[in-house]
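Residue numbers (our numbering), protein chains in the order written: chain A, 1 to 383; chain B, 1 to 473.
Accuracy of the hints is not assured; some may be wrong.
Derived EDC-like pairs (lysine to aspartate or glutamate); straight-line CA-CA distance at most 20 Å [as the list claims (entries may be wrong)]: (1) A:Lys73 x A:Glu37; (2) A:Lys243 x B:Glu353; (3) A:Lys243 x B:Asp220.
Read the hints as simulated data drawn from the structure, not as lab findings.
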Amino acid sequence: MREGIRDRVAIVGVGCCRFGENWDQSPADMIVDAAYEAYQDAGIEEPQRQIDAVFTGSLYSQKGPHECSDALKLWKPVTMVSNYCATGTDAFRCAAMSIACGLYDSVLVVGYDKPKDRGVSGPSVMMNQVRDLPQTPAGWFALCAATYFEKYGAGREDLAKIAVKNHHNGTLAPKSFLKREITVKDVLEARLISWPFGLYDCAAQTDGAAAAVLTRSDLARRFRADPVLVKAVTVQAGPNPQKDPGNDFLSWKPTAWAAADAYRQAGISDPRAEIGVAQLHDCFTLTELLSYEDLGFCEKGSAKEHIASGVFELTGELPVNTDGGLKTFGHPTGATGVRMIYENVLQLQGRAGARQVKDARLALSHNIGGHPTACGIAILGKE
Amino acid sequence: MAGITSYGAYVPPTRLALATIDGRPPKEGEVGPERSVAWNDEDAITMGVAAAVECLRGLDRARVDAVFFASTTQPFREKQAAALVAKALDLRRDVATADHAGSLRAGLAALRAGFDAVAAGSARAVLIVASDCRLAAPGSGLERSFGDGAAAFLVSDADVVARFEGGFAVADELVDLWRSERDRFVHSWEERFVLQEGYAPNLVEAVRGLLERSGGAAGDFAKLALFAPDERSHAGAVRALRIERERVVDPLFGRLGNTGAAFAPMLLAAALETARPGERLLVAGYGDGADALALRATEHVEKLEPRRGVGWHLARRRSVRSYDRYLKARSLDSREWEGGGDPGLSATIHFRERDEDLALVGQRCRRCGAAQFPRQRVCESCFAKDAFEPLRLSDKIGRVVTYTFDFFFPTPDPPTIVTVTEVEGARIHMQLVNALPQQTRIGLPVEFSFRRIHQVGGRPNYYWKATPVPGGE
Chain A
1 MREGIRDRVA
11 IVGVGCCRFG
21 ENWDQSPADM
31 IVDAAYEAYQ
41 DAGIEEPQRQ
51 IDAVFTGSLY
61 SQKGPHECSD
71 ALKLWKPVTM
81 VSNYCATGTD
91 AFRCAAMSIA
101 CGLYDSVLVV
111 GYDKPKDRGV
121 SGPSVMMNQV
131 RDLPQTPAGW
141 FALCAATYFE
151 KYGAGREDLA
161 KIAVKNHHNG
171 TLAPKSFLKR
181 EITVKDVLEA
191 RLISWPFGLY
201 DCAAQTDGAA
211 AAVLTRSDLA
221 RRFRADPVLV
231 KAVTVQAGPN
241 PQKDPGNDFL
251 SWKPTAWAAA
261 DAYRQAGISD
271 PRAEIGVAQL
281 HDCFTLTELL
291 SYEDLGFCEK
301 GSAKEHIASG
311 VFELTGELPV
321 NTDGGLKTFG
331 HPTGATGVRM
341 IYENVLQLQG
351 RAGARQVKDA
361 RLALSHNIGG
371 HPTACGIAIL
381 GKE
Chain B
1 MAGITSYGAY
11 VPPTRLALAT
21 IDGRPPKEGE
31 VGPERSVAWN
41 DEDAITMGVA
51 AAVECLRGLD
61 RARVDAVFFA
71 STTQPFREKQ
81 AAALVAKALD
91 LRRDVATADH
101 AGSLRAGLAA
111 LRAGFDAVAA
121 GSARAVLIVA
131 SDCRLAAPGS
141 GLERSFGDGA
151 AAFLVSDADV
161 VARFEGGFAV
171 ADELVDLWRS
181 ERDRFVHSWE
191 ERFVLQEGYA
201 PNLVEAVRGL
211 LERSGGAAGD
221 FAKLALFAPD
231 ERSHAGAVRA
241 LRIERERVVD
251 PLFGRLGNTG
261 AAFAPMLLAA
271 ALETARPGER
281 LLVAGYGDGA
291 DALALRATEH
301 VEKLEPRRGV
311 GWHLARRRSV
321 RSYDRYLKAR
331 SLDSREWEGG
341 GDPGLSATIH
351 FRERDEDLAL
361 VGQRCRRCGA
371 AQFPRQRVCE
381 SCFAKDAFEP
391 LRLSDKIGRV
401 VTYTFDFFFP
411 TPDPPTIVTV
421 TEVEGARIHM
431 QLVNALPQQT
441 RIGLPVEFSF
451 RRIHQVGGRP
461 NYYWKATPVP
471 GGE
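Throw the hints in and build the complete structure from the sequences for me.
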């Protein structure tokens, strides 16, 4: 049995720039905003002396790892990680591993992306091949809808409630992009993007950057008194769901597989009871719904009942996407996983303001990306 | 004796009502004069492949020794269409290929060349594909009379359904219809000049020449299929040749339209659909001269497995909802950005993936039997390495596993229906065409249709789409 790295690595500072259509900011501007907030949070005054290495994640960067080191003038070992929508979580994982293995003491993680510089309002429709068209993310993630609805009797109304919840939570997060309450009717009447997803079922498109400072657990109190510990971190590849002959289009395998690994690392046997707060990958409302089940928060097929009873709302038993999620923060791909860690750290430390949940000891964050073909999960906890 | 062993046809289901061109779209369910229109994912090559698939239905494709492709609108000025068609059909590699082009007579010329090749013994079976998708200037008269479609014939000396009895041709130099290297649309000289000095004298001369040579009369033929640019010209030729009305093959004006180099071949295919053993058939085409060919139906004509001919395709139709959508489908609308400038898809990658992309060939694992698409080195199911045999999927029936309607993907007719389709156990992420969202369901049986998937790089790029099995809905 693998030993894992539970409790060996601590987060001592987090930062996050304002997510949105950051027309007047370059990637470097956002990286500086996020990293310097994380420095301040960790009490770091001399990053050149106090940071040993940098792990950065971006999907769209044209400039590679130098973009981050040049922005921060951190002339350190720099690694750029790319793993679809799990890019941010994977950069965090690589940083944690580098500390756990003893290579570095303190490491900076920076996730960022700047899709709004491309001149298109939604995601790009890629035309770099002839097969698998249309390559639209909404079209990929919508492929579980017909099958799931037919088998479990859920429908667009159940999805709409997820969008309404996340919009509400987003109004309480100072750094979110969308700050507007919506209704189920708004969701159902919006123009269709890819059935069953209407406009409000889809995450916003934004620019953003988020950062975290990690260090050895035994050094954590040099930075701050309430460090958050890494309980588990994993990424999991899965078969292309469109080709996989064993795929039932009722769940996404990488999430289920990553969850099993993460819970084993963290020693979690009853995720619904043990996890106090979770940030799930709500690129589309159905992705969040399937994730409730794939992560074991409820039985397969039962999500709509738990949505209806408010389990995942801010005041519910297991609040999900307390800051409004990808829905209101948008999804600058490399930033998202680190933005979720930022939120979970604030929640565990009781610093989440109007959206603070009660008594969370363990916090989970989850990304799924590709077709989807990759999942990342990080579980954080108090000492 | 050389003759036609099998035939097939294709007409795009999309029809443009002439009233829609005039801004008065017919009411729901009303069908008036109309023309066939290739949609945005169709062109001369895709329609030709569809007709050829039909022609080869139930036959061993390995029999085909040669492919002749005839069109005035094959999308490439330089690059052969016949080789692409042969690839899409997954034919043998040692197949002779040639394009016949540049004239409305190209279809019959290719058919004649096929008969000659078989008669000469240089090929045992020749696939002839005639397909055209001509573009007329928006608002012009030609836009109303043109149609899009294709026909295909397998020519051999075995199981012949119609024996070739002889032909007659005249060549004539005339600038009546033309399209130069730089033109997008077909030009026409004055209509009356074209009719009086071009079409009528040439066609009549060719038919009379054939009759004289064979020592017969028009009355000896049960079916006469005559190309004509329009209904009036057709009626004039019928009168001049003194053909009795019941012997005339319906030229389908107001339903199909003039399908160019494919028109006379399609009328011949239509005639074969109802021909009885022993009947004689005459087909004549026009363009820079004229061709007339005589055939005689054999007892096999009624034994041929039923296939989708011209009649089947004409019955399957849907109206283009507005003239604007037609303009979009044919890329005749104004665009913010003119395409081009980018090198497009890598020709190197195209070369590596042509079996998958053009022939829809996947593979079957020799160890566990699992089918998969596209080709890969390690088996998805049993992880065996490099233990596969090729598996053609284009002629198999699949079923829809799941679907979505994508409103985001650019198309003249949103939404794009996207499926995961299972065929032989392999799963393919694939568009569904000729279907409406309300018809789309899990388990829907589908077949496969060769399509122009996009024009990245300013050239047509081809792949397959799923389409509901007719009658399987």
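Hints, one by one, checked against the model:
{"no.": "1", "hint": "A:Lys73 x A:Glu37", "result": "16 Å, holds"}
{"no.": "2", "hint": "A:Lys243 x B:Glu353", "result": "17 Å, holds"}
{"no.": "3", "hint": "A:Lys243 x B:Asp220", "result": "59 Å, violated"}
Consistency note: the structure conflicts with earlier hint 3 alone.
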